[in-house]
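**Q** Chains C and P are the protein sequences, given in the same order.
So for the first sequence, our numbering puts the first residue at 1; every next one is plus one.
So for the second sequence, our numbering puts the first residue at 1; every next one is plus one.
Rather than coming from a laboratory, the hints here were simulated on the basis of the structure.
Since we're looking at a predicted model, the values are computed, not measured.
Be aware that one or more of the hints could be misleading.
[What the hints assert, rightly or not] No farther apart than 20 Å at their CA atoms in a straight line, the calculated lysine to aspartate or glutamate pairs in the EDC-like style are these:
id, chain 1, residue 1, chain 2, residue 2
1, P, 101, C, 81
2, C, 239, P, 122
3, P, 95, C, 81
[Unchecked claim] Derived CB-CB ranges, DEER-like:
id, chain 1, residue 1, chain 2, residue 2, range
4, P, 37, C, 26, 24 to 32 Å
5, P, 29, C, 116, 30 to 38 Å
6, P, 150, C, 26, 52 to 60 Å
7, P, 108, C, 158, 49 to 57 Å
8, P, 157, C, 106, 38 to 46 Å
9, P, 258, C, 195, 32 to 40 Å
10, P, 150, C, 209, 13 to 21 Å
11, P, 91, C, 13, 47 to 55 Å
12, P, 33, C, 106, 39 to 47 Å
13, P, 20, C, 14, 43 to 51 Å
14, C, 43, P, 236, 55 to 63 Å
Just so it is clear, CB atoms sit at the ideal spot from N, CA and C, and this is done for glycine as well.
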Amino acid sequence: MKLGFKHEWIETNIGLMVVITMLAISVAGMVEIIPLFFIKGTVENVAGPRPYTPLELRGRDIYQDNGCFYCHSQMIRPFRDEELRYGHYSLAAESQYDHPFLWGSERTGPDLARIGGKYSNAWHVQHLIDPRSVVSQSIMPGFPWLATTPLNMSDIEARMKALRDVGVPYALTKQEYEADVKKFGPELAKQYYIPNAQQNIIEQANANDYDGRKNGPITEMDAVIAYLQSLGNQVDWSKVNENQLVKDR
Amino acid sequence: MSQNPSQQGQQAVQTTGHVWDGDLQEFNNPLPTWWVYTFFATIVFSIGYWLIYPAWPIGNTYTRGFDTITYVDKAGQKVTSHWNTRALLMEDMNKAAAFQKPFFDKVLATPYEQIAKDPELENFVMATGHSLFENNCASCHQTGAQGLVGHYPNLTDDDWLYGGRYAQINYTITDGRHGYMPTFGEVLEPAQIDDLANYVASLSGIHADPAKVAAGRQLFHSDTAGCFYCHGEQATGRHVIGAPNLTDQIWLWADVPAHHTAQGKIEAIRKVIYNGVNKGVMPAWGDRLSPVDIKVLTFYVHNLGGGQ
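Isolated chain P (complex conformation) (with noise of 0.2 Å):
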């Protein structure tokens, strides 16, 4: 313990000799010893980390020291490297895959059909899938994959702008989708895109004015505006090039369901086919995703309620 340095005698702890407002000094105590030991012995214990780790530098190399990891490469190799924290993660990955391996390769050699059928399975697909669509999907899709009108298509609903059969969902997400309609506000009268907007309209029960729905419906089947070409016949829609159906009262470009009289929805729709729509980009995960992975994601969406 430090010693008042008013204390005379042998006790007497030094000072440095400054003195400010009369009788303020300083201690000048030596360091504690127990802490000069300590002190040492971290740094007789550090060579142990030397020996064992990646410490020194020498050259163009450095000393990799003893400790080893063990891992399993993608190839199925076993390879032994030197203790660092690359190897330390491929340990850590192969820890997990043996437990999710029997899963995922179950997974695999299951065709969709059957899943639903092992409980267990089914609800390993579902907890992954739910992690994979939060992680990916759900930025754009939303977290209950409900969507955005006039941004992403809700993935709940039967209504599917490319199919809703398994391989056309896992098409969809393995490659990405960009739909694409022209825009006919440069190619169309403004009165032919009111009289298109009103039989589109009027496809979904929307009241609208019967002449022009009259004139609407031989535009959209005539080549002048060659709807038909993309939206079908019954305008129901083509699922190879994502065209909707227009007839089923769901819309996503078409900010519809936001207006509460006629004339708001059919100008919401008119908007549209004026507009065109070239924004529905739904980005490739076969890059980013592994097979079973999106194998995962397809089995989820399809069994939010809508797939076929």
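Only chain C is shown next, with the shape it has when bound in the complex (with noise of 0.2 Å):
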């Protein structure tokens, strides 16, 4: 075949190849991705998806750090069985905060998208240092160190700052608080105030004792719990047009 070209001037100009190839394994992400940012209904116009306070923030962290998304999807997708097994399928507006998605890709374990509410707080501190001894039949490893280590919360306020510098209405001046009360009510925008920050997981983590022990320290044990807590349980579906959410796609 004649085309007009050859292909020796790719193949013998570095350069040029490495433009090319660039081109053509980002040319299908950008065509999927980049009218998303444009299309209207991309993310779902529902009420209830909120900032995650500092406690649960923190308990993010900590479940990137112990890899639980390697074998926890946040992903519950539009079929059948995963709406049976899990409840709704996700909405884009239920991950409107999260930086970065923690959808994952893999299900050695279940769905842990709207695990919020399903187990009480004992639960998951027993599941999460041992979980054979509630779920006999488990494969999932043991992390006992989450009660037994301190919870950092030095550095909350740079990681606050640093999501807000992507666009999360965490709040900095008064303006911004203000906002946020508009926005999430007084309770809420207390938490996402930045330079309150410390004081709040202090007082969320004592207030709930996720960890079971009242006076003890603060663990990663409550951040985690407090974050798995929070995992899908935030829009009232009762309030929701399913019909909208169907034209949305």
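Two chains, two frames, some hints: make the complex.
**A** Next comes the structure, spelled out in structure tokens:
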């Protein structure tokens, strides 16, 4: 075939080859991803999803540190079997404050997108320390150190500032705080006020006693369980227009 | 077929001109014609996809495609949408519901007591209940619903914290429960707690010190300890607050069965009185499961053996 050009041109010009190779491998990603930034309804307009509190945010970091996402997805796909087992399919709106997303791609264990509220804190503590003591046939490894490792909260403000830079509405100024009050209510707005982050962690951990040791130290266990209990139960489905969700796709 | 570059004449295949190790050369064959045309054919074929399915972004919207899916939404309205996976799910759920609806409607319409009288309906409820239980409840109550001493109650016996009638079980599942017994370690003297442990042990026929049992009985019914307010005058428990019957030799929090000596059993009971109980949390399922699922589970749990 004569196509007007010779592939030798590309193969003998390493610079051109690099550029064209990059284009070839990124074009599929680009045509699928870039339009989503402009299409209305990509992030569904539902009430409920909110940023993580500082304690939940630390829990999320620890979830990543320990590689929970290697075995657990957080993405319920719109299939009947998944709907029956895990609940309503995941919405983009529910991960709008996630940086990075923890959708995952492997399910050695079950999906955790709607784990919040499914079990008690006590169950999570026991399960994370020794999974086989509650689920006898489990192949999940134990994470006993979570219960004994004190939670590092010294850098929480920096973590929140970084997320603020990419658009999560954590507040640094009074003005941003007021905007949060309007959007999320006074309770949550207090949680999102960066200068109070450490105090907020301590208060939330003590008030809820996730790790079951009322006056003990605040541990990574507190944070991970606070995070798990916040997953997937923020949308009030009775107020959601399902037909709109269908239209959005 | 490619040919040996060493062949001469018209049939010779081009090489790139590179030579390694004296005689290693590289062919420079063009792509086979059939491959190139197949490639073009796939591009033409994809135009069909663009027409049928959602495809091209245009500003803040996109081409929806000609294919449609019609489903019935929760309000019973027929909705027609362009083809997409969410509409496909709706259609799928409709199809399954068409098979199951007659059964679920019958479950909702039939009083609990009548379900067992219809073998086909009972089979359906027990099979559905089993899969719901394995999916949602077994992590705590274990796969056979036998529970876990120290953590989760056995649901197959006729000993109930909150009562074993249908309405009570339904309430337990829908709204959840959180049993609470205060810690007595800081309120009572160690000797008093020891007396109480001996008394409670004696109620289940465990061999205990008679003098301590007598002292414990008094304390149990006194305002100092106030055990009887919750556990009842006869120590047979009170369903409204989930205070267990202490006379039935069935233990949830005190790991009595693990010990073989009376001493050990009494010590297990003493620990519970000393520490209290605050971790008995049964989650609420009202937001997670539909009313008919909860009715199915209620019947299932009731029929595991201990229903009242």
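**Q** Which hint numbers does the structure go against, in order from smallest to largest?
**A** 2, 5, 9, 13
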